[in-house]
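Protein chains in written order, with our numbering: chain S, 564 to 900; chain X, 452 to 578.
Simulated from the structure, these hints should not be mistaken for lab results. It should be emphasised that the depicted structure is a prediction, and the values quoted were computed from it without experimental measurement. Incorrect hints may appear among the rest.
[What the hints assert, rightly or not] Straight-line alpha carbon distances no greater than 25 Å define the calculated PhoX-like cross-link-like pairs of lysine-lysine that follow: (1) S:K672 x X:K493; (2) S:K571 x S:K867; (3) X:K561 x S:K672; (4) X:K572 x X:K493; (5) S:K851 x S:K822; (6) S:K672 x X:K523.
[Said to hold, decoys possible] Covered stretches of chain X (in silico footprint by chain S; criterion: 3 or more residues with CB under 8 Å from a CB of chain S, positions within the stretch not fixed): (7) 466-473; (8) 511-522.
The beta carbon of each residue, even a glycine, is placed where N, CA and C say it ideally should be.
One-letter residues, chain by chain:
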Amino acid sequence: MTSLLVFKEYLKKFYGSYEVFITPILKFLLAGLSLLVINTSLGFMEKINNAAILLIAALMCSFLPVGFILFFAALFILLHLYALALEVAVVALALFMVMFLMYFRFSPKDTLVVLLTPICFMLRIPYVMPIAMGLVGTPASAVSVSCGTIVYYLVSYVSGNATTLSAMDAGEASARFRMVIDSMLGSKGMLVTVAAFAITVIVVYTIRRMSIDHSWTIAMIGGAIINMVILLLGDLIYDTKVSVIGVMFGTAVSVLLAKVLQFFVLNLDYSRTEKVQFEDDEYYYYVKAVPKITVSTPTKTVKKINTQRHSVSSQNRGGTRSTGTRGAGRTRSYDQE
Amino acid sequence: MLNEERVILMTRMASYENGEGRGNMSIGNYFRSDYIGKEVLKAVICATISFGLCFALYLFYDFEGFMLNIYKMDLLQFVKNILILYAVVVVIYGVISYIIFSIRYKRAKKSLKKYYNNLRKLSGLYD
């Protein structure tokens with residue numbers, strides 16, 4: 564454990580020293596990954612489905628504010644959908660606009676969640692998002708996670724039904740339009756997942772805020788169980804066709820990832836908890852103070868072994884005046900070591 | 452001679468000015484009613500655009516059926532229903548915005564008060 568804490572301190576120090584370079588690199592990687600995922604799952608527009616465009620967009624994102632990653636991701640999605648069918652792009656545009664206008668005005672910091680949720684879905688670990696947002700976010704993060712889930716389901720629906728959608732004639736625009744909206748509104752799988760994630764965020768947040776020992780760990784395990792139960796119940800009632808093993812395995816991995824997040828965000832030593840009570844004119848205070856686990860990084864001392872010391876001291880012994888001063892200097896440095 | 456306390460205070464204040472403080476200062480420039488009024492107005496505009504988009508989607512969803520029935524249905528009642536729905540959406544969204552931005556204004560003012568106290572403390576350290 565101590566070595567892990569030391570590693571954390573090193574990481575913090577490293578990030579502190581090279582923040583100017585690390586932040587753009589991270590932004591570049593996130594933008595690159597998101598656009599790559601979009602290009603591989605949709606990829607209908609040949610012009611933007613190439614590495615050069617992807618790299619240019621990712622490079623631009625690395626120097627622009629974080630919100631632009633989402634902007635570029637939305638733009639790429641819309642362009643791909645436009646190449647497939649105008650009606651699908653119109654539905655997606657309306658969805659994005661309602662999200663931005665109605666919700667992300669209030670919490671612009673949460674925009675990244677909309678991007679990370681579909682990526683986690685692609686990596687088969689979507690359950691990490693509601694748990695992580697319950698731990699570090701607010702109950703309002705439930706909306707952000709839900710928006711991310713809806714975006715994922717839209718993209719996955721279009722990518723799964725691309726042949727049907729493109730096979731329809733231009734005259735069947737209205738039918739195509741209806742098909743996309745029906746699939747979105749009638750997708751029981753999506754509705755169950757949105758409900759499960761929203762409830763998980765709120766449950767994790769509520770338990771995490773409780774004044775109990777190991778509240779973070781209890782919150783993430785409790786949230787994971789509730790999430791799993793809702794998803795499996797949803798499968799039983801609405802036949803959403805979720806894989807039981809997939810849900811269980813994904814949840815286990817998500818809890819582990821949440822534990823890693825907890826290690827970096829908050830690490831408390833419950834064995835040294837102090838409970839104090841005091842009062843002032845207006846209130847009586849029951850205070851529970853839990854100290855954070857901290858370690859100081861060991862400082863490395865570099866010992867220089869002077870190979871010339873022997874020859875110099877032998878010169879000193881020889882009694883030459885000119886090297887005497889240099890010899891004295893070296894002897895002093897040797898003493899300091 | 453460097454005054455350590457002064458340097459610490461100035462560093463903290465500079466970091467506040469660059470981060471959280473920037474948003475708070477722009478909020479602090481407004482009177483409460485002006486700030487909340489401006490934000491609620493923006494919210495009403497956003498809600499109107501969103502409602503318009505959803506209504507357009509609803510129309511396009513069954514455009515042929517709508518066009519076939521347009522002469523049969525009571526258009527006045529239809530418009531009335533739509534307007535009532537619009538009013539409900541805008542009012543609910545406006546109230547939520549009002550609550551959120553009132554809290555934000557209160558928080559920003561409190562935080563700015565602390566900042567101005569620190570400024571006063573800093574100026575005291577120069578005397």
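Structure-based check of each hint:
1. Restraint check: the Cα-Cα separation between K672 (chain S) and K493 (chain X) comes to about 19 Å, which is no more than 25 Å; the hinted pair holds.
2. About 29 Å separates the Cα atoms of K571 (chain S) and K867 (chain S), which puts this hinted pair outside 25 Å; it is violated.
3. Straight-line distance between C-alpha atoms of K561 (chain X) and K672 (chain S) comes to about 21 Å, which keeps the hinted pair within the 25 Å bound.
4. The straight-line distance between the Cα atoms of K572 (chain X) and K493 (chain X) is roughly 38 Å, outside the 25 Å bound, and the hint therefore fails.
5. For the given pair, K851 (chain S) sits about 23 Å from K822 (chain S) by alpha-carbon distance, which is consistent with the 25 Å threshold.
6. With a CA separation close to 49 Å, the supplied pair K672 (chain S) and K523 (chain X) exceeds the 25 Å bound.
7. Only when three residues or more bring their CB closer than 8 Å to a CB of chain S does the claim for the stretch 466-473 of chain X stand; here the count is 0, and the claim is violated.
8. Remark: the stretch 511-522 of chain X is confirmed as covered by chain S, as 5 of its residues place a Cβ nearer than 8 Å to a Cβ of that chain, reaching the required three.
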